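Visitor: Each protein sequence line maps, in turn, to chains A and B. For the record, in the first sequence the residue sitting at position 171 is 429 according to the working numbering, with numbers rising by one throughout. For the record, in the second sequence the residue sitting at position 160 is 1376 according to the working numbering, with numbers rising by one throughout.
If you are wondering where the hints come from, they were derived from the structure by calculation, not from laboratory data. In this text, all values refer to a predicted model and were calculated from it rather than measured experimentally. C-beta atoms are modelled at their ideal positions from N, C-alpha and C, and glycine is treated no differently. Check the hints yourself; a few may be wrong.
[Stated by the list, open to error] The following label-pair restraints were derived from C-beta to C-beta distances: (1) B:F1243 <-> A:H264: 50 to 58 angstroms; (2) B:Q1218 <-> A:S389: 26 to 34 angstroms; (3) B:G1239 <-> A:D277: 46 to 54 angstroms.
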Amino acid sequence: MIQVDHLVRSYGKFKAVNDVSFGVGKGQIVGLLGPNGAGKTTLLKMLTGYHFPQSGDIRIGGIDIVQQPQKAQALIGYLPENSPVYPELTVGEYLEFVAGVRGIDKALQAEAIDKALTQTDALAFRNKVASHLSKGQRQRVGLAQAILHNPEILILDEPTSGLDPHQILEFRQLILKIGQEKTVILSTHIMQEVEALCERVLIMNQGKIVAEGRAEEIARSLQGGNRYEVRFSGAKVEAVAPLLEKVAGLSVPPALAGETFLCTFPLDIAGGEALFDFAVAQKLKLISLVPCTISLEDLFVQLTKEETHAVPAEPLA
Amino acid sequence: MQSLLSLWHKELRSATGSPVAVGAILFFLLLTGIWFLWISQFLVQNTASLRGYFATFPVAFTILIPALTMRTWAEERKLGSHEILLTLPVKTGYLVAGKFLGAWTIVLAMLVLTLPMTILVSGLGNFETGEILGEYVGIVFLSAAATALGVFLSGLTTNSISAFLLAVAGLLLFAVGGSLAAIVGLPASVVDAVRFFSLDSRYATFQRGILDSRDALYFVWFTGLFLYLNTKILILRKWK
Chain A
259 MIQVDHLVRS YGKFKAVNDV SFGVGKGQIV GLLGPNGAGK TTLLKMLTGY HFPQSGDIRI
319 GGIDIVQQPQ KAQALIGYLP ENSPVYPELT VGEYLEFVAG VRGIDKALQA EAIDKALTQT
379 DALAFRNKVA SHLSKGQRQR VGLAQAILHN PEILILDEPT SGLDPHQILE FRQLILKIGQ
439 EKTVILSTHI MQEVEALCER VLIMNQGKIV AEGRAEEIAR SLQGGNRYEV RFSGAKVEAV
499 APLLEKVAGL SVPPALAGET FLCTFPLDIA GGEALFDFAV AQKLKLISLV PCTISLEDLF
559 VQLTKEETHA VPAEPLA
Chain B
1217 MQSLLSLWHK ELRSATGSPV AVGAILFFLL LTGIWFLWIS QFLVQNTASL RGYFATFPVA
1277 FTILIPALTM RTWAEERKLG SHEILLTLPV KTGYLVAGKF LGAWTIVLAM LVLTLPMTIL
1337 VSGLGNFETG EILGEYVGIV FLSAAATALG VFLSGLTTNS ISAFLLAVAG LLLFAVGGSL
1397 AAIVGLPASV VDAVRFFSLD SRYATFQRGI LDSRDALYFV WFTGLFLYLN TKILILRKWK
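Okay, chain A solo, but in the shape it has when bound (with noise of 0.2 angstroms):
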């Protein structure tokens, strides 16, 4: 549904995107992971034609957004960052301008707004001018402007940043159940969010995407394997550690944290089966077996470090 190939954004000698290519199939709802200025927004604004790359492609539903921007743009509902609107109009007015602008039939407009009101959870304020908005009420009229035309493709600029701990569940819902039907690229700092709603994450540092996949493969990688902590009863520590050394396919010597063993299997291996045999057949008392997984947070924070901007875009997925 989007592909994009060797995309370079600079402003002056900064380069806001360098070098990046990834595509988005039908239905999925990917998310676009990166701290400020790693160039999320850039990118984004690309993909809606609202910024053109200086080069590389980028093809929406097939159609070359350069080349031919209106037809790429009308497969598309954007959602810029801080949901910008017209102080001075009310939601239904705002509503009826972008939907007259889209080309929606007139006589069909007044159900469009009505669905997108309704999907959005905002009729309610359909007649509030948006100056009196609250800013989680202003996200919902943002979303249902998106939405109005019933387009294909979502893309929102950090949908959830402002808004409330209570807002930003009630918004995340709303994204999953109107993503169900749509490809949906967001944007956000916020770790959670990606864990909450997309199937697939692009991480994102210094304008290069260091990392895309699934959030769960990309930190077994990033770990180099899969890892378990593992605790026996009663055993000496010190005999239970060279009898483990010869687990089969155990891919590190387990480490020792007091009197938890760490053992780091290769990603091919199941290590939770090998170490419950292991403990069966030494006849040891197996009191925990925990498989490690690293947080999206520290996988956040090691690969978007500066000293390891170098971490290889691995494409998981």
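Using the hints provided, position chain B relative to the given structure of chain A.
Guide: Structure of chain B alone, referenced to chain A:
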């Protein structure tokens, strides 16, 4: 076409929803009326000419058109709403045309509201209809040119006040540029060239009741030029 109408309609809604437009119209009617009747003492002059009345229009426009056009693009950029506007599937030229038509409609409304005064005063004596008609045609052309310039300049900044000042300066330059060049002592050829581009000298022809197609074409060219430049800048900004 529907897109253009929606853009125009929205501009009008925005303009009439803000106190600027209403204030500008009131200010225009009061200023031109008071100047004509009171300060230039039309009623005691015993001349059957409205030239003094129409002469105040370009002066008032120098302030009022910038006031009406200053928000057109600057405010969009300040609010961030231009991000939505510029990603709607519509030609950039339509966006510019919508902005222009919205602001110009308010100016035309101002001119329509001067009709009662014109009709009232022209009933007092034997006025030349051709001259009055020429004045109106000329002022319509002049207002279009000034509005196009104002909207264009609003697109160069994110600050409405800067847009206002830029437009006032721009209009002044096009109004008195010729005389200014002469005063500064520039060569006659330069003065002539500046005069050629001067809006005021073109308007003066209409004031004499002469409908010169060259002057009309000049205004159309001037309006078109700034609408075109405005469009070009918006497109260029996508790349820069």
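Visitor: Hint by hint, note whether the structure agrees.
Guide: These are the hints, each one checked on the structure:
1. At roughly 55 angstroms, the beta-carbon separation of B:F1243 and A:H264 lies within the given 50 to 58 angstroms, and the hint holds.
2. Hint check: B:Q1218 to A:S389, Cβ distance near 27 angstroms, so the stated range 26 to 34 angstroms holds.
3. At roughly 52 angstroms, the beta-carbon separation of B:G1239 and A:D277 lies within the given 46 to 54 angstroms, and the hint holds.
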